[in-house]
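Novice: Could you slot chain B onto chain A? The hints should help.
Residue numbers (the numbering used here), protein chains in the order written: chain A, 1 to 386; chain B, 1 to 292.
I should point out that these hints are in silico values taken from the structure, not numbers from a laboratory.
Errors might be hidden in some of the hints.
[Stated by the list, open to error] Derived lysine to aspartate or glutamate pairs resembling EDC-like cross-links, with alpha carbons at most 20 Å apart:
no. : chain 1 : residue 1 : chain 2 : residue 2
1   : B       : Lys69     : A       : Asp210
2   : B       : Lys236    : B       : Asp259
3   : B       : Lys69     : A       : Asp241
[As the list claims (entries may be wrong)] Distance ranges between label pairs, derived from CB positions:
no. : chain 1 : residue 1 : chain 2 : residue 2 : range
4   : A       : Arg352    : B       : Gln272    : 48 to 58 Å
5   : A       : Ser92     : B       : Met268    : 29 to 39 Å
6   : A       : Lys255    : B       : Ser242    : 45 to 55 Å
7   : B       : Leu277    : A       : Gly140    : 37 to 47 Å
8   : B       : Lys232    : A       : Pro123    : 30 to 40 Å
9   : A       : Val208    : B       : Asp224    : 42 to 52 Å
10  : A       : Ala215    : B       : Thr136    : 28 to 38 Å
11  : B       : Asn111    : A       : Gly230    : 29 to 39 Å
[What the hints assert, rightly or not] Which chain A residues face chain B? A few, computed with CB under 8 Å, are given here:
no. : residue
12  : Ala71
13  : Met132
14  : Trp136
15  : Pro200
16  : Arg201
17  : Gly230
18  : Tyr231
19  : Leu238
For glycine and all other residues, C-beta sits at the position ideal for the given N, C-alpha and C.
Single-letter residue listing:
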Amino acid sequence: MKADPHGVLTGTHFIDGDHACCEGALAAGARFAAGYPITPSTEVVERFAARVPMVGGTFIQMEDELAASIALQGGVWGGAKAFTVTSGPGFSLMMEHIGYAAMTETPCVFVDVQRGGPSTGLPTLPAQADMMQARWGSHGDYEIIALCPNSPQECFDLTIKAFNLAEEFRVPVMFMMDEVVGHMTEKVVIPPADQIEVVPRKHTHKSVEDYLPYATNGDMVPEMAHAGEGYKFHVTGLTHDERGYPNMTPQTQDKLVRRLQNKIRIAVDRICLFEEDGLENAEVVVISYGITSRVAQRAIDMAHERGLKVGKLRLITAWPFPDKKIVELAARVKAFVVPELNLGQMVREVERAAAGKAKTFAVSHAGGGVHNPEEILRAIVEASRC
Amino acid sequence: MLNVIDDTVNPVEPFLRTDRMPHIWCPGCGIGTTVNSFARALIDSKIDLQTLALVSGIGCTGRVAGYVKLDSFHTTHGRAIPFATGLKLANPKLNVVVYSGDGDLSAIGGNHLIHAARRNIDLKVICVNNLIYAMTGGQTAPTTPGHATTSTNPYGTFEPAFNLPHLVEAAGAVYVARWTTFHVRQLSRSISEAFQKKGFSFIEVISPCPTLYQRRNKMGDGLDTMKYYKEKSKVKNGAPTSEVGLTLNGEIVVGKFVDRDRPDYQSMMRAQYVESLGDRYIEEPEMECVCG
Numbered sequence: 001m002k003a004d005p006h007g008v009l010t011g012t013h014f015i016d017g018d019h020a021c022c023e024g025a026l027a028a029g030a031r032f033a034a035g036y037p038i039t040p041s042t043e044v045v046e047r048f049a050a051r052v053p054m055v056g057g058t059f060i061q062m063e064d065e066l067a068a069s070i071a072l073q074g075g076v077w078g079g080a081k082a083f084t085v086t087s088g089p090g091f092s093l094m095m096e097h098i099g100y101a102a103m104t105e106t107p108c109v110f111v112d113v114q115r116g117g118p119s120t121g122l123p124t125l126p127a128q129a130d131m132m133q134a135r136w137g138s139h140g141d142y143e144i145i146a147l148c149p150n151s152p153q154e155c156f157d158l159t160i161k162a163f164n165l166a167e168e169f170r171v172p173v174m175f176m177m178d179e180v181v182g183h184m185t186e187k188v189v190i191p192p193a194d195q196i197e198v199v200p201r202k203h204t205h206k207s208v209e210d211y212l213p214y215a216t217n218g219d220m221v222p223e224m225a226h227a228g229e230g231y232k233f234h235v236t237g238l239t240h241d242e243r244g245y246p247n248m249t250p251q252t253q254d255k256l257v258r259r260l261q262n263k264i265r266i267a268v269d270r271i272c273l274f275e276e277d278g279l280e281n282a283e284v285v286v287i288s289y290g291i292t293s294r295v296a297q298r299a300i301d302m303a304h305e306r307g308l309k310v311g312k313l314r315l316i317t318a319w320p321f322p323d324k325k326i327v328e329l330a331a332r333v334k335a336f337v338v339p340e341l342n343l344g345q346m347v348r349e350v351e352r353a354a355a356g357k358a359k360t361f362a363v364s365h366a367g368g369g370v371h372n373p374e375e376i377l378r379a380i381v382e383a384s385r386c
Numbered sequence: 001m002l003n004v005i006d007d008t009v010n011p012v013e014p015f016l017r018t019d020r021m022p023h024i025w026c027p028g029c030g031i032g033t034t035v036n037s038f039a040r041a042l043i044d045s046k047i048d049l050q051t052l053a054l055v056s057g058i059g060c061t062g063r064v065a066g067y068v069k070l071d072s073f074h075t076t077h078g079r080a081i082p083f084a085t086g087l088k089l090a091n092p093k094l095n096v097v098v099y100s101g102d103g104d105l106s107a108i109g110g111n112h113l114i115h116a117a118r119r120n121i122d123l124k125v126i127c128v129n130n131l132i133y134a135m136t137g138g139q140t141a142p143t144t145p146g147h148a149t150t151s152t153n154p155y156g157t158f159e160p161a162f163n164l165p166h167l168v169e170a171a172g173a174v175y176v177a178r179w180t181t182f183h184v185r186q187l188s189r190s191i192s193e194a195f196q197k198k199g200f201s202f203i204e205v206i207s208p209c210p211t212l213y214q215r216r217n218k219m220g221d222g223l224d225t226m227k228y229y230k231e232k233s234k235v236k237n238g239a240p241t242s243e244v245g246l247t248l249n250g251e252i253v254v255g256k257f258v259d260r261d262r263p264d265y266q267s268m269m270r271a272q273y274v275e276s277l278g279d280r281y282i283e284e285p286e287m288e289c290v291c292g
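So here's chain B without its partners, still in its complex pose:
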């Protein structure tokens, strides 16, 4: 078993497909840091890894699915959440984590994001927000703050950006938190907390893209970004999500914003069927018949 005192073994190593290293992420990229926090949350929450499945979309963060030693699905662009929805409904015993980027989850997948939150389907969504499309070369995302320079807004962006915590709270998420890749322990704790929640949880992690976002916007390298996160982040647990929008080089409000309870999709579904059908409702899918 895992021995966290043995300093010759990185404690997160058992959670990784080490045969796939080195990974593709750039020096200074924050995605690997978030995976570290995720792995530590798995250790802390003592979750049964056999019941855990991870689903990603497409993009830099979408590659997380390929590096974790779990049942892991690298799906299509924007569709991690509906895939995860099908997975969870077919096998309710699974703990399903969606791990993807801001462009994947909030642009091409934005409709699925709000509907999954509305349904309160029991998924844990970790959204690594680097404020840009990184894999494709630094194009504007729905999260890119105004006036930032991107490859598709070379004279500066002017579209208003999504405030993701506000969006998912309004749509119905039961747990909403935001941290930066500077807040590795707080992030781990939030992921562990989300595992305790039944329903749609959303954790946004503000993360550097030194190659495309920081460089184009003259914000320095990965280390400079850590300093920026340290200086400009303000922990405001319970902050109204309407007030946590991001600006270029501005303050980053972090913390746990929403922690509430409402029935999740499958509980509501069961209750409705029991009410309408009584004994005629067969609750457990009979998976045995599929495999012979």
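So that you can see chain A by itself, here it is in the shape it has in the complex:
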């Protein structure tokens, strides 16, 4: 379906990534947000708080991130598209509710504008060190989706994508920004509402008598109902059967948890988005995401000037990880260079998927700034010689 025009601020804007993310959420149909202030993410909900009363929706500032991350799920079951926004320390507090959203299949978006950590770390400075936390931070086995924008324009475009994926798969989607992308001001073009595709909620059309809240069809994503519609359904974070009733048997656990994983895994090819350039003849491929991809681009250009055969693979979807793409490249390139604003997170995935078929060079950075392109170039040169 097309976007609700009330939420779409069509036009050409000069805004930062945080504001663009907010506009993306509004365009995607988000009409409820619960937040708690934290640098460098707060501008997203500040804008939402200013905009949403005139669009038809609600923002509430909760007493902490635990409250924000579950209030938004109450909003979803009340019928709204909803999200919350935070940064590292708040993201840590939200982990339990990412698990709750995964288990109860509550479609929602968690925006994490990453800053340096651990702990309070670098409140106003960038990092990309929450990438593994986004994937594995809550306990138990589950799958999520994570997207990494590298510009304010993508903060707009991919926020819509994040909501659409959340609705399609009934899964929490992590929107992994970083401080630089969040605070970088650039041109953002917001198209007319009738050019924006939004995925509606997978709402059941079944009668009250026929509706089984967690029964699935071929695509493994159950149909949803909202409170107040007469379905009298039950939602629990306990292991549950198709009726949504708690069931503590290993069989029910196995069936449920495998489905929660497989509904994402069977769709990996569709979910995994990346930008690639010069991969055909590449001997070395630079794999990056978020703000680091823009620094990496400079390093790649410098390498080209030196005549090196370097290709670019930018991960737009970080999770699920695009194993297939890495396996395919590992068979024909010498090495991967993986710069990221952490001491080695996504590079582990590259190494795992490459399985020794191509070498992997991490270009780590503890955060607080971005790489110098020269550092990445040095790794490219080294990788080219291997």
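Specialist: Just chain B now, kept in the frame of chain A:
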């Protein structure tokens, strides 16, 4: 429709997920009794069940959500109130009840309890207070009276306990009552009254945990506890909540302590937006756009 004269049908049965019986609660536990009173309040208040949602946290009382035939949410430990807050804000037409235990609501969820009362968000909170963490085996709760024996205070508790009615009154609740599971009719009446109130209502129900609290403290079984509640409860409607703290084996002051009016969160929100934005304020969330 429901026929309360037909004695072959338990009148509360239509409110229960009978396909989930038997329940997990122990013999002598008071939680089922409170659910009975709740169901009777639903009958008496003639509330539209389709508009009613029930939210629980984690623990023995947290299991109520799984047994009532309503839109019901068994959330995470301590977070029933913020979930309910989101539910109510997204769909203001819903009547939202939070049904949970003392540990869930006042320890891990204590911050949410006071902030929801401060906001005066329109939620009806039923807090079953068995004075202990029951589901996990009888550990000390913020409500456990001094000198009681628990599994984590095997030599007796010594921390001061929360007086919950006093806490929520101070934080801003518009309706505060306390009963015991002996006072089934009074409890029903209080729940019905809370449904008539707009704003944050809090009903505490003192309830036995014969398995862990009563047994460890040599207070007998469920029936003995009923006798204790009968003998030691004193109805004091309007009692100052500062004077209704509980002690081990002591008097239990019950009654309706607070019944006042102040604007609820959503009324204040609307008024503020109308004042600031005038016609530009769009009041009703456009839920239609979500489902296509």
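Novice: Output the numbers, in ascending order, of every earlier hint that fails for this structure.
Specialist: 8, 13 and 14
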